[in-house]
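Chains as they are written, first to last, in my numbering: chain E, 1 to 362; chain Z, 1 to 362; chain G, 1 to 362; chain A, 1 to 362; chain C, 1 to 362.
A few of these clues could be false.
For identical chains, the list gives no copy identity; a pair is met inside one copy or between any two copies.
Unchecked claim - Here are the simulated PhoX-like pairs of lysine-lysine, each with C-alpha atoms no more than 25 Å apart in a straight line:
id: 1; residue 1: K213; residue 2: K357
id: 2; residue 1: K357; residue 2: K130
id: 3; residue 1: K256; residue 2: K174
id: 4; residue 1: K128; residue 2: K227
id: 5; residue 1: K128; residue 2: K213
id: 6; residue 1: K215; residue 2: K234
id: 7; residue 1: K213; residue 2: K130
id: 8; residue 1: K169; residue 2: K109
id: 9; residue 1: K130; residue 2: K234
id: 10; residue 1: K45; residue 2: K215
id: 11; residue 1: K227; residue 2: K213
id: 12; residue 1: K256; residue 2: K109
id: 13; residue 1: K358; residue 2: K174
id: 14; residue 1: K358; residue 2: K215
id: 15; residue 1: K215; residue 2: K357
id: 16; residue 1: K358; residue 2: K213
id: 17; residue 1: K215; residue 2: K227
id: 18; residue 1: K174; residue 2: K45
id: 19; residue 1: K358; residue 2: K128
id: 20; residue 1: K215; residue 2: K166
id: 21; residue 1: K45; residue 2: K169
id: 22; residue 1: K45; residue 2: K256
id: 23; residue 1: K256; residue 2: K169
Quick caveat, the hints were computed from the structure, so don't treat them as lab data.
Every value quoted in this text rests on a predicted model; they were computed, and no experiment measured them.
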Amino acid sequence: MNSGTEKEKNRRITKNSSIKSGMKPGSLVHVGVPVKEGVRISLVKYNELDYTEEPVSVIGESLTEPYDGVRWIKVEGINDTAAVERLGELFNVNPFVQEDILNTNSRPKLDEYEEYIYILVKSLAFEKEKIVLHGEQVSIVLGNDFVMSFCESDTHMFEPVVRRIKAPKSLMRKRGCDYLAYALVDSIVDNYFQVLENIEDNLDELEDELISKPKQGTLRSIYGLKKELILLRKSVWPLREVLNLMQSGDSEFIEKATEMYLRDVYDHVIQVIDTTQLFVDIVTGMLDTYLSSVNNRMSEVMKVLTIFSTIFIPVTFLAGVYGMNFAYMPELNQRWAYPLFWTIVLAVISTMLIVFKKRNWF
Amino acid sequence: MNSGTEKEKNRRITKNSSIKSGMKPGSLVHVGVPVKEGVRISLVKYNELDYTEEPVSVIGESLTEPYDGVRWIKVEGINDTAAVERLGELFNVNPFVQEDILNTNSRPKLDEYEEYIYILVKSLAFEKEKIVLHGEQVSIVLGNDFVMSFCESDTHMFEPVVRRIKAPKSLMRKRGCDYLAYALVDSIVDNYFQVLENIEDNLDELEDELISKPKQGTLRSIYGLKKELILLRKSVWPLREVLNLMQSGDSEFIEKATEMYLRDVYDHVIQVIDTTQLFVDIVTGMLDTYLSSVNNRMSEVMKVLTIFSTIFIPVTFLAGVYGMNFAYMPELNQRWAYPLFWTIVLAVISTMLIVFKKRNWF
Amino acid sequence: MNSGTEKEKNRRITKNSSIKSGMKPGSLVHVGVPVKEGVRISLVKYNELDYTEEPVSVIGESLTEPYDGVRWIKVEGINDTAAVERLGELFNVNPFVQEDILNTNSRPKLDEYEEYIYILVKSLAFEKEKIVLHGEQVSIVLGNDFVMSFCESDTHMFEPVVRRIKAPKSLMRKRGCDYLAYALVDSIVDNYFQVLENIEDNLDELEDELISKPKQGTLRSIYGLKKELILLRKSVWPLREVLNLMQSGDSEFIEKATEMYLRDVYDHVIQVIDTTQLFVDIVTGMLDTYLSSVNNRMSEVMKVLTIFSTIFIPVTFLAGVYGMNFAYMPELNQRWAYPLFWTIVLAVISTMLIVFKKRNWF
Amino acid sequence: MNSGTEKEKNRRITKNSSIKSGMKPGSLVHVGVPVKEGVRISLVKYNELDYTEEPVSVIGESLTEPYDGVRWIKVEGINDTAAVERLGELFNVNPFVQEDILNTNSRPKLDEYEEYIYILVKSLAFEKEKIVLHGEQVSIVLGNDFVMSFCESDTHMFEPVVRRIKAPKSLMRKRGCDYLAYALVDSIVDNYFQVLENIEDNLDELEDELISKPKQGTLRSIYGLKKELILLRKSVWPLREVLNLMQSGDSEFIEKATEMYLRDVYDHVIQVIDTTQLFVDIVTGMLDTYLSSVNNRMSEVMKVLTIFSTIFIPVTFLAGVYGMNFAYMPELNQRWAYPLFWTIVLAVISTMLIVFKKRNWF
Amino acid sequence: MNSGTEKEKNRRITKNSSIKSGMKPGSLVHVGVPVKEGVRISLVKYNELDYTEEPVSVIGESLTEPYDGVRWIKVEGINDTAAVERLGELFNVNPFVQEDILNTNSRPKLDEYEEYIYILVKSLAFEKEKIVLHGEQVSIVLGNDFVMSFCESDTHMFEPVVRRIKAPKSLMRKRGCDYLAYALVDSIVDNYFQVLENIEDNLDELEDELISKPKQGTLRSIYGLKKELILLRKSVWPLREVLNLMQSGDSEFIEKATEMYLRDVYDHVIQVIDTTQLFVDIVTGMLDTYLSSVNNRMSEVMKVLTIFSTIFIPVTFLAGVYGMNFAYMPELNQRWAYPLFWTIVLAVISTMLIVFKKRNWF
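Isolated chain E, as found in the complex (with noise of 0.2 Å):
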């Protein structure tokens, strides 16, 4: 197994896919970056009138004993292999589930098991200054009585939802586990618009630049914001279908009165797709501008050159001329001689302006 090695930190794309080339399909092996920190594991347990977060040092029975109300292990940092084994055994899940867990380059899908739901999703995050989409892989487990979420690394990024959860009266301490689903799917796609927003304020620095004063580095700039968005494209588009099928009211572990919130965040989904699109055919529209306005300038510059050269380049042969040294040149000694010569210079110059007038040149 040759992985850590230079080039492969390198690669965004295929990153770390290959590695169990050639293993038993299902086994486990932690594909991530190292995060030096340890995993965080917490058990969230909360009904109507209780709530209670616990940190999970050991990882036992004790978590699948029995509850009135939802069950949350909210794992952060997925390094651990052994931790996502044990929870895995723990909780029944399928091998291949705990492959797409620690593999960070999966697609977006849901799959249905027996006993609960797989929904894997993308949360993202786009660096203004860098023009860069940072993407983490978050893995939701929807049991009957429990749900299991993996983040990539250590980011609170469901600070939010716990928050809610702490209400006393919050909507849901009255619900299940597949409204927590919900919430924790939501709570990622709503930051997909803010990471639209970000692209649309890059997208307008760059318009203006492009109008006001186009630098070296804008025309990268564009070109690098078209990837980020072909590549946003990329990580949304599956999470249409994974909502379909879950609003869609053929699973059991999904309650009629879920749905409709399903469809919201569906709704939502379909709303970030057409914007993406929607921003590259923008940016493309941008590029051609630029291209045409690069072309049009140079046409300009043309132009000024071929004004000046036709101007003076027959003006200067006839100075040259009557540089020339021969001893039998008449003209030469002649008074009307010089301001002859000035006056066909200012015809031909004129001649020619007119020339260019007519052509719309100037």
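Using the hints, position chains Z, G, A and C against chain E.
Just chains Z, G, A and C now, with coordinates in the frame of chain E:
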């Protein structure tokens, strides 16, 4: 909630959509440009015999009083979140619908609920001079015995519909709530044709400009128009599905008799989509024409430059040679030298011209 | 109603479509180019034994008199709104259909009603010289024992069909109304092939022009042709669905025996669509060829300029040097200086030529 | 009927298709290139034990005599309309099918009738030198106990199939009419691979030419090839549907056992379509490569010109200055002036060269 | 049969596919690169307790001996047509399948027969240095109690699978033939990720090269990569359908338990297709960047040329004027003339520079 910043006001596409990111779903936040004047709410009641319209100052039980006919609650301006919330409570409208009404960045759609249908469409206007498409969101809630309409601002958009209701013998007076909803959607779709006509005028003007005398801004205007057309397509496209759902005959809120009318609106929407696509194709063609004409002209300019340069550069060199001051240049003293020089010059020039003529350079 | 303005007459695509914006749906407004001559209406009656054709001056009950055979009400020119309205009343035709008949900007379609089928198609003609596609709307109302046809103007479009009806032994005389409707649609679709042939002739001419001697207008003509092809595609595309519906065998107005004929027309429409798409591809290819040949020629011109300039610029400089008037220029007085000068010049020129030859510049 | 004009013979795409415009549908007109030699019709009869092939001179009842095996009426050349008509009568073939057989401009298709299936395919050949795709229409009528095949001309296209029938132990002899129809279609589809190979050879040659020494005609050849590929795609694409229908197992004319063979042909057709699309993509790539290399070379040429010009223009000016004849130019008489002049010239030239080197201009 | 010509060996896409054109379908011809070493056939037998692997020298009845477990006939190298034929006979394999096994130019597919499933996939490898994609065809015949695999050459492709079988406690040993088939397909698909990684490395290198110092060959490499990506897409795309069919649960040869594994492979294939498309988009973007940077640089070069020319051309003319030898040029004798000349020159130059500065030319 960091809305209202300067940056944000410039965003046209993702405006405010992420404002509720992290809040509980369905929570009501008024998302929209803060309008100075208050919300204007009217209650229109009518049946075959009767018609009344009264402004509503207090939103209370009086609105839900049963009436033998159509009750239309017309809301113009949606910056009073509390008003929308109270109306929602009175008519038992889902919080998600309330959220959609207030979030002016949604996509056209039709959602069917148990007690009503929710229809979201975009009313559009095109400003010819600035080449900008303005969109305003219109929400329609169609219940069994009432219709609620929400416009973004106080634009008297539905004046023509009101006028038709006032006419005692109009068809409107004989029909139910579904017909009113149809009439509202129809009046919005009819306006799209006005938008298309304005765009076509703009297209024609730009095409003329392009052919006669392309100005600096012509290219920019064409690209701007293309961008607006993409936005227009994005706004109208989902309407196709909305009207398809309406006329499909599955809903209990829409009578058989109204479906025929909806089919007509559906046809119009298809036509708008078709024409928009056609315009996009035409604008693309215009850009291509422009770019190739720029290329063509550059090629012409290059030819002029090359003709002049290649004709005069050799003879100027020759003049330079005989301007040299070498002590021993036998030609200089020959009587025939100067006439010979001119003969050579003329020979060179005419040879060049013949060559260029043959190559079709002028 | 602000129709008839100068602006509007130039619009080819959205012409008049918004005229009824804000009116009650189904209201009758004659939307069309005002034709000077009145509407020409004829009543054609025929069965296996009999054939009569008479002009109709007064639209009255006589038109609906039962007849053992086919009654064809042929309307040429639709600028008499009242006539269309009265015919509509007599044959119980829906106001929407009446509106569609008059609004000459509709999309080809087939609408099935209880008592008749409404078919809307576009008759097309291509003006080779101006490269313009003319479209005329034809409406056909197919009832159980009558057919009504509405042409936009007085063009004797259906002459061939009439001639076939007149022939006592023709198949037409033996068949019913559905066969007549088929024959009308078929005669229109057959005309499309004429349009395609004209376009191909035009394409061939332009292709020849492009290769031999591209004129100023050639490029513009090609772009114009492309635009007309896009319009053609838009007009023919929906016909596919119309004929699919007609031959699907679900309608009670169309006999089993006629379906076979409709399948044939369907095949023709598919062929027209295919060929149109092919032409669009070919025109696009022509434009690409042209642009790359312009680019190529510019590259050639540049080379000529560069060859001349780089050859003569250094030697001209040298000539300039020895034209200087410095008091102490020892070379000037050497006998070998002048021949050496020419040697250097020839050396520079031949070196240059060899370099350019190696780079394949000529 | 103004067919046969000179113009028309040049049309490759819409050739003759509108000839029957305005005639009664199903009327028989021979549409095709008038071939001098007459039609060649043979009657092939075979079963497991027996095989006979005889030329048919008179089309009469003898052709329909029952035979315990397969009767194959092989028609080569279709310019004898009467023959096709008589065959149609004898075998009860629909006039539309007869029309399709004669109109050589139809689209590949499969039409199922009560007593037979009608299959229309295109036999293709590619002329490498001229880069032209030739198409010939082949019609197959598959009945319960007979097969009729119609080729456009006398090309011995089905020689291989005949040879297989002659072999007494071949599979053909054991199978029925459907297998013969399959064998005919298969032999045509197999020929497509020949076409593709020729095209690939052509592609490879053009690619080599493009890299080594692009000639004037190279670009034109590539565009020509692209056009032929588009035509090829148009001819093969509908075949997909034809074979899908044949192997779908719904027809009573095709035995279960033959479907497996048809699936094989279907696979081949898909492969041909795939490869054609691939070729289109590759040709497009070649064109892009070419255009960018032209652009690149132009950029190189520009650089050479600019380097020479910018180096010599300033020093030529300087030489000009000291060639002036002003009475008072103090420098002229200084001893150090001429060496200084050369120093300045060399300084200017080397500075320029360093600047251009830094900018990576050479 | 004119195969084996020199020409043919260069064809990468249509290689040999037409070889059987005109032969009887299903006839066995070995189509493939003639490999020197013979075919290597092994018989692997295993069940939960037992494992044996033995080379097969004679293809005979011994291969079909019943065995309580999985029999895997592993064929490496397919240039022994007779061997394939004999294996086909022994296992009752359809001649078409035999043909597909030998024709190395087929498309990935899954064909279901009564006694087995035939699966055809492409094993791929990417040669980074030459930017070439190598494909090898792999055929898998999955019967009820046997699996046959055919590789094009002797590449030990399935080593990892063999190793897993050898491990006594591996899952493989407990499962049936369908699991083995799955494992073979999975090992091939896993290899695709290696290909994608190599391509991404290549992409990254080319991108770096493009930014830092684009060489002559960079552009050609990018186009080459794009072509290989198109080929890759063509090879992988049909696999989607293959796996969809396999996991659809309709086949009797695939157990319910294996479907889960196939779903995993299906996910991988989708991911490969997605990533390939993404790479195509990125390469296209790179080409666009390159072309626009070439354009940009040309524009810069033009500016430099124009600045120099327009500055020096007028003053060189002036110098030429006062280099003339007219007898009467009053200025020449004025003391102030020479300093005035320089003043004019400096004025012209600085005016020019200011103008260019204003136009943002440098």
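### Task
Using 25 Å as the alpha carbon limit, work out where K358 and K128 are close: within a copy, between copies, both or neither.
Neither. Shortest intra-copy (49 Å) and inter-copy (32 Å) distances fail the 25 Å Cα cut-off.
### Query
Is it within a copy, between copies, both, or neither that the alpha carbon of K45 lies no farther than 25 Å from that of K169?
The answer is within: 15 Å in one copy meets 25 Å, while 40 Å across copies does not.
### Status of K357 relative to K213 across identical chains (alpha carbons, at most 25 Å)
This pair counts as between: shortest inter-copy Cα distance 13 Å, intra-copy 29 Å.
### Task
Tell me, please, which holds for K174 and K45 at an alpha-carbon limit of 25 Å: within, between, both or neither?
For K174 and K45, the Cα distance is within 25 Å only inside one copy (13 Å; across copies 40 Å).
### Message
As a check of your reading, is K128 near K213 (CA-CA no more than 25 Å) within one copy, between copies, both or neither?
### Response
Within one copy only: 20 Å inside, 27 Å across.
### Query
Is it within, between, both or neither when you check K358 against K174 at 25 Å Cα-Cα?
neither (81 Å within a copy, 69 Å between copies)
### Query
Is the C-alpha distance from K256 to K169 at most 25 Å within one copy, between copies, in both cases, or in neither?
The answer is within: 22 Å in one copy meets 25 Å, while 45 Å across copies does not.
### Query
Given a CA cutoff of 25 Å, do K358 and K215 count as a within-copy pair, a between-copy pair, both, or neither?
between (35 Å within a copy, 16 Å between copies)
### Query
Between the shortest in-copy and the shortest cross-copy C-alpha distance, which are at most 25 Å for K45 and K256: within, between, both, or neither?
within (23 Å within a copy, 36 Å between copies)
### Query
How do K256 and K174 come out at 25 Å by Cα distance, when the copy is not named: within, between, both, or neither?
within (15 Å within a copy, 38 Å between copies)
### Message
At most 25 Å between alpha carbons: which applies to K256 and K109, within, between, both or neither?
### Response
both (21 Å within a copy, 21 Å between copies)
### Query
Checking K215 and K166: alpha-carbon separation at most 25 Å within a copy, between copies, both or neither?
neither (51 Å within a copy, 61 Å between copies)
Hint compliance for this structure: hints 2, 6, 8, 10, 13, 19 and 20 are broken, all remaining hints hold.
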